[in-house]
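Student: If you want the building blocks of each chain, they are given just below.
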Amino acid sequence: MSDLKNETRRYQNPELFEQLAIEYAVGSMQGRARKRFEALMDTHFYLRAVVDAYENKFAHLVELLPDSQPSDKVWNNIEAHINSSAVAQVDPEQKTAWWKSAFFKQGFGLAAMALIVSAVLLFNPMTPDATAYSAVLESGSNSAVAVTRIQKSDMKLSVDLKMPVEVDNNMELTLWCHPKGGGKPMKMGTVSKTGKTEIKISKKEWQNMKDVGLLAISIEKKGDNKIKEPTGEILLKGMLNFAG
Amino acid sequence: MGAFFASKKNLLRIYIQEYDNLLTEHQKEEKEMEDIYAELLQKTASGDQLAFKKLYEMASPKLMGLCLRLMQTESLAEDVLQEGFIKIWDKAETYSQGKGKAMTWMSTVVRNKGLDKLRSLKTKAAETEIQYEGLEFAAPDLEPDSLENLSQDVKGLMACLDKLKPAQRECILLSYYYGHTHQELAKKMDKPLGTIKAWIRRGLEDIRPCLT
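Protein chains in written order, with this note's numbering: chain R, 1 to 244; chain Z, 1 to 212.
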């Protein structure tokens, strides 16, 4: 068995990877170990989520530091970098001026733009489409309890419960995706009370993910397939993020 | 054409004024301050350079403080701050409030840049250049005036750290603020390497339940 496989197996031990994640976040994991851990974080989403959570906790320490004013040249360099990069892309200010030009005040300008946009969307291989989304679902006490990942590669949504949830035998856990702008949630399916659940998603559901804000798991009566939105207690919830 | 640019300039001036008004109105309230950071970051994500400049003006002094401690020299610290903010500009659209506070997200981006830079440098700044050391700003017995201005988050974190043995606390904070390696800590604290490793490992084990 390769070293990487051995290493991966080691990191499947929650106690161990929690400890490694906190060491990484504090900065006490260094050298090759840090590099190896970063490589694993790229492929093991849960490691990334736990590290993010600890990095967030420790980042509050920055608040205690005294302020130091950087020299003006720092901002000047940043600005120069942004402006030089914007030449290749589209400067938002230029975009406004361009849009307001006389050409675009005429109807054919809009039609031409629609064609260009369609062509770019269809044929530009550089269009940054999402390939994965993720969310850390937390209970009321804000401790991470489940990790959700949605991947385009296998069109699956996975929910990994990090600790078993105690629910009456006649009840079950249901996962919901709430749109960012409000409105009715998408019911994604039933989630196991322990371990990992995988739910196959449709093309349409995948497309809708870009508009999803909150993910929530509610406790519902077992077998009640008619419900269109959560009726029971919301056990876990978290925001869906772009992850790749 | 000239009138167009003049009105655009006026618009930008009003825009800056609006941000300044927001800042003076809200700076006393921690949550509202965070809202401003989050809003500016959101506008940055949509390519608003003015919002990004305001975000830089507000956040850079604190983050420069961090870079100075990590890098020890002003020129390296400014390099890291610059690279960090370019990454914030490039990646602003990946931030969401679900990822935590805007300022903590930016701190992590900048600090990771600093740690990468430290890793790429063969040696740290020579001892003679070191001007930034110590942990007096994070002392367990901060003055009540200083404590009053801190957020609940950092107060909670400090309470967790205060439960550790002083040496464990010191090692963890030196790792965080200065990016010291175990070897550097061993030298600095005049202790065997194994002792330092054990202090940090046990310290982090002990603090975990408190953090969650």
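Please note that the accuracy of each hint is not assured.
Which bits of chain Z does chain R cover? Going by a derived footprint, with three or more residues having C-beta under 8 Å, they are [claimed, not checked]:
hint, region
1, 33–42
2, 58–65
3, 96–106
4, 168–178
5, 199–209
Source of the hints: derived by calculation from the structure; they are not laboratory data. Glycine included, every Cβ here is placed at the ideal spot set by N, Cα and C.
Student: Going through the numbered hints above, which ones does this structure break? Give me the numbers in ascending order.
Tutor: Those not satisfied come down to hint 1.
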